[in-house]
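Going down the list, the sequences are from chains A and B. Counting in this note's numbering, the first sequence runs from 1 upward without gaps. Counting in this note's numbering, the second sequence runs from 1 upward without gaps.
Treat the hints as calculated values from the structure; they're not laboratory data. Hints may be right or wrong, so weigh each one.
Note that identical chains are pooled: a pair holds if it fits in a single copy or bridges any two copies.
BS3-like mimics (lysine-lysine), calculated; alpha carbons at most 30 Å apart, straight line [said to hold, decoys possible]:
no.: 1; residue 1: K134; residue 2: K156
no.: 2; residue 1: K2; residue 2: K97
no.: 3; residue 1: K2; residue 2: K134
no.: 4; residue 1: K156; residue 2: K97
no.: 5; residue 1: K156; residue 2: K2
no.: 6; residue 1: K38; residue 2: K2
no.: 7; residue 1: K134; residue 2: K38
no.: 8; residue 1: K134; residue 2: K97
Spelled out, the chains give:
Number of protein chains: 2
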Amino acid sequence: MKYCSSCGCEVILTVPEGDQRERFVCRDCGDIHYQNPKVVVGCVTHWDNQVLLCRRAIEPRLGFWTMPAGFMENGESLKEGAQRETFEECAAEVEVKDLISVISIASINQVHCIFNAPMLSDNFAITSESSEVKLFHESEIPWQDLAFRTVEVTLKHFFEQRRQGSHLPLVIDLGPH
Amino acid sequence: MKYCSSCGCEVILTVPEGDQRERFVCRDCGDIHYQNPKVVVGCVTHWDNQVLLCRRAIEPRLGFWTMPAGFMENGESLKEGAQRETFEECAAEVEVKDLISVISIASINQVHCIFNAPMLSDNFAITSESSEVKLFHESEIPWQDLAFRTVEVTLKHFFEQRRQGSHLPLVIDLGPH
C-alpha cells in the first residue's frame, strides 16, 4: 500500500495514537488503513462414502488435488461461502453441515474453515478452476499429490470423525509449511 | 474506496474479466482491490465457575457488557488473537482452549470466533477499553445489558456445553438484529 484509498495521497507506516501496531496512515487526511487476515471457506463434499476432489487448473499448485475452497466474500456467511465455492469449483450442489476444520495460518494471514457437506446428487463437472473432478474412496486419496497441507489434515480429520462418530472440529495452527 | 492504493489513481466499480462480482479496479494500473470479511476473536474467560465480563468504555454500545473480543490481526492465529484481545481488554492471562462459537454476521461482513479460556490466575483489571471488569456466576449475568447478540448466544452456549459436558461449538449465522 502506497496511497490512501480515501483521498489518493501518500500513506506512511506508523503507529497511530492509542494503537500498538504499525498501520498505513494517510499523510493528508489521516485515515488509518487496517489490514486483516482473510477467511478461506470450503467443503469436504461426499457421495456414497466417497469424497469429491478437484485437480487445480490454476496456480498455485496447478495440477495438484484439493477440496473445493476459496476466499469468503463480503455479504455472505461461512456456510454460504463454502456452498458457493463448491459450486464454482466442481459444479456440485451440497448441503453444508458441521465444521470439520478451523485452521489458522498466521504466516500468510489466513483462516480456513472447512465444512462437512453431503452432495445433493451425484452431479459434478470440471470448471475453469478444476481440470479434473473425481470421487475417491478413502483408500484411493492421492495423499502425495494434495495441493496444500490444509487439505491433508482436513481429509484425515474427516475420516477420523467418521470412524469415531464425532462432530468435533479440528482447531489448529499451521506453520509456513 | 475512491483511489488505488498501489498507484493513487481513481478506481471504478466493475466486474473484472472471469469474475462474477463488482470490485474496485484501478483505471490506470488495473489493480483489483478485493474486500473481504473480517474476523473477530475473543474468549469466554472464567475463574472458579464465574465468567469475566467487561463493561465497554468505547463505542459502539458504550456502557454495555461484553466478553473480551476484537479484530484479528495479520501475523497471528485465532487463538493468539483471542489471547491478545483478552489481555488488552481486561488484563487477564488465559489459556485458550476449545471453540465455543463461530458466528457469521453477513450484514456487517464479520465472522466471530470465541474460545473457552480458563484464567491462569484471578488477576484482572480495568483498561482503556473497559470501564469495569467483573466475575459473574451464571445467575448474575446481566442478560439485559449485554452489548451484542453474539455475546448472549455465546454465553448461553458456554453454560449449555458445561451442563452437557460437550465441546461442540455453536456454528450459526446471525441476521442484522
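Structure-based check of each hint:
no., hint, in the structure
1, K134 x K156, "within (18 Å within a copy, 42 Å between copies)"
2, K2 x K97, "neither (42 Å within a copy, 39 Å between copies)"
3, K2 x K134, "neither (44 Å within a copy, 43 Å between copies)"
4, K156 x K97, "both (18 Å within a copy, 21 Å between copies)"
5, K156 x K2, "neither (42 Å within a copy, 45 Å between copies)"
6, K38 x K2, "both (21 Å within a copy, 22 Å between copies)"
7, K134 x K38, "within (28 Å within a copy, 33 Å between copies)"
8, K134 x K97, "within (21 Å within a copy, 37 Å between copies)"
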